[in-house]
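*Asks:* Could you put together the complete structure from these sequences and hints?
Chain by chain, the residues run as shown.
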Amino acid sequence: MGAKRALGASAGGGPAEVAPRIALPTPALPLGEAPAHPAAEARAATPSGARLSVRDFSLYYGRHQALKAVTLEVEDRSVTAIIGPSGCGKSTLLRSFNRMNDLIPGVRTEGTLQVSGADVLSPATDVVDLRRRVGMVFQRPNPFPKSIFDNVAFGLRLLGVRGRTELETRVEASLRSAALWDEVKDRLERSALQLSGGQQQRLCIARCLAVEPEVILMDEPASALDPTATARVEELILKLKTSYTIVIVTHNMQQAARISDRTAFMMMGELVEMDTTRRLFTSPAKKITEDYITGRFG
Amino acid sequence: MERHFEQELKELKENLLRMGGRAEGIVRKSIESLRRRDPNLARQVFEDDRVIDRLEIDIEESCLRLLALQQPLAGDLRFITAALKISNDLERVGDHAVNIAGGTTRLGGQPLLKPLVDIPRMADLAVGMLNEALDAFVRRDAESARRVVRRDDEVDDLNHQVFRELLSYMIEDPSTITRAMELILVARNLERIADLATNVAEEVVFIAEARIIKHHADENAAGEDFGRG
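Sequences listed follow chains A and B, in order. Residue 298, in this note's numbering, is where the first sequence stops; the numbers in between run on with no holes. Residue 229, in this note's numbering, is where the second sequence stops; the numbers in between run on with no holes.
Read the hints as simulated data drawn from the structure, not as lab findings. Treat each hint with caution, since some may be false.
What the hints assert, rightly or not - A few chain B residues facing chain A, derived, Cβ under 10 Å:
#: 1; residue: Phe5
#: 2; residue: Ala74
#: 3; residue: Asp76
#: 4; residue: Leu77
#: 5; residue: Glu209
Glycine is no exception: its CB is placed at the ideal position from the N, C-alpha and C atoms.
*Replies:* Shown next, in the form of structure tokens:
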């Protein structure tokens, strides 16, 4: 395997070493609509309705403290945006939710972080499964240098899905859920790298959806895309939120305003303010939030 | 160095205040034209109104441009949307002043039915309310703005009083009907001007507190609240 790290891939190796890790919930995903998650339902959200929660969560890159006692909750099946000036810690916080920061040497954390009510910082956590349940889409689309079909099927195969029919069913369902099926259904065998930027990004989302996550983390998913492609990704996010919990980091205030239900404003590693998007953007509680969103600094 | 956007917001505010000053002036002039039964003064009112109309168009264009090009948020957004509404209110104040001046023109040289007492009082109140609403706008003073809203009842009461008094005139002597009706309309226009001043005051509360208080919204549970507590 190349350097690309797939969701569900083990830390060191390629597909040949990986045994089936978890049975995907049956019956097969219904075609068309974004699937409901029996697994997600079974893993009940915490009593407060939060799918993700951090409490007094701090993170250090060596001696530098990047996150300072952050406490917040992400509501199940909603879109939460995290905004703030460069270096405020929003991407660091995002990556914490699926422990992607573990891959950076010298990282240390304090406090608690829960996904679906369960602590995920403990050493006993199955980090690989965590990264399946909490998927991630990056700023620059990163499809594998493989066919469209194989991109989406990759995670499924790692999880032990072998039957051709089942793979085809699930791949189609994921591509439909990512609003990409109609554009690629006649060329599934062609290389994913031939797709446009916007299509590649939706393919990455489909790849993520194939392994049935509960949460989708997006780090500036549209900033490398043109306005039309951006609009399509935003539409997709609005559609997906009925079934998935989405956390999106964005520099684009208007985007956060358009698609999120709640918005968190961070600065210098701290959570400054978090509120419904409507309130945060029409009358924030703190002056510094107002100054940031009206562009008076940052 | 001030951002270009801040500069534009400042200009918008100044234009609104300029328009507000003209609105106060035109109301005073229209009542004066009535008091003196001066058709020249009435003609000036008609011309002053055209200036006010142009100001409204300028302000509306500025606001639309700012909304489209700057995508303002929070306080800036509230200010600009309120500015659109305030300029609309002020334009209508001008129209009501024109109506009053129209009454002057129609009355011509006829002697007034009775010494004007309540109508000038209404005018003072209405212009005073407008003045204070605009003042509150400058200072973003929601408390002051709320006081303006409460004074509207006094103007309404005077309007009813004028109506009842003139009604009794008309009943007693039908030949007075034409002149009485003109005065009733003047009072009505002043009552509407006071209402518009109230609107401006309500917009000020929105800018300052992000709270919509029009139509007694804050007295009902259903009131809109973008603000804090």
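*Asks:* Any of the earlier hints contradicted here, and which numbers?
*Replies:* none
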